[in-house]
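J.: Sequence:
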Amino acid sequence: MEKQMKEGGILAIQKTGNVSFYTASRSEKYLLEKKLYNIRQLHESGLIEYIRIELSNPAIVLFGSYARGEDTEESDIDIYIETPSKNKAVLAKYEKQLKRKIQVFQHKNIKEITNLHLANNIINGLTLNNYIEVFT
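Using this note's numbering, read the sequence shown as starting at 8 and increasing by one per residue.
Among the hints, a few may not be true.
[Unchecked claim] Below are the EDC-like pairs computed for lysine to aspartate or glutamate, each with C-alpha atoms no more than 16 Å apart in a straight line: (1) K115 x E140; (2) K108 x E81; (3) K106 x E80; (4) K42 x E77.
Honestly, the hints are just simulated from the structure, not real lab data.
All chains should be modelled from the sequences, with the hints used to inform the complete structure.
T.: Take a look at the structure:
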């Protein structure tokens with residue numbers, strides 16, 4: 008199994024004397040698999056469907072380390088929600104299920120975000136529902 012994981016680009020092994028050190032590989036294949044796994048976790052938890060129903064089919068964008076597949080157990084989940092709805096999603100159930108803090112940025116329009124670094128991260132994130140109109 009060790010050999011298969013190394014050949015598959017999932018596991019990096021560094022030997023020092025008689026000791027082997029194992030780390031997760033950060034290869035493109037690994038990051039793609041991790042991204043897909045993270046997205047699947049969000050869908051299987053019911054979080055995306057809950058937000059979609061609760062907030063009238065908003066644009067939902069996953070961004071940050073969780074979207075890039077670079078997250079650790081301590082990483083939060085960054086989600087941008089674009090909706091005219093004033094309702095706020097109650098996410099404690101999903102935070103417990105996913106074992107992660109969920110950081111939500113909810114706006115009527117992405118143009119309301121004055122932090123350009125944040126806006127760029129959102130625009131370059133993974134759209135999970137609907138879409139964002141950047142240029143109108």
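J.: Hints broken by the structure, by number, lowest first?
T.: none
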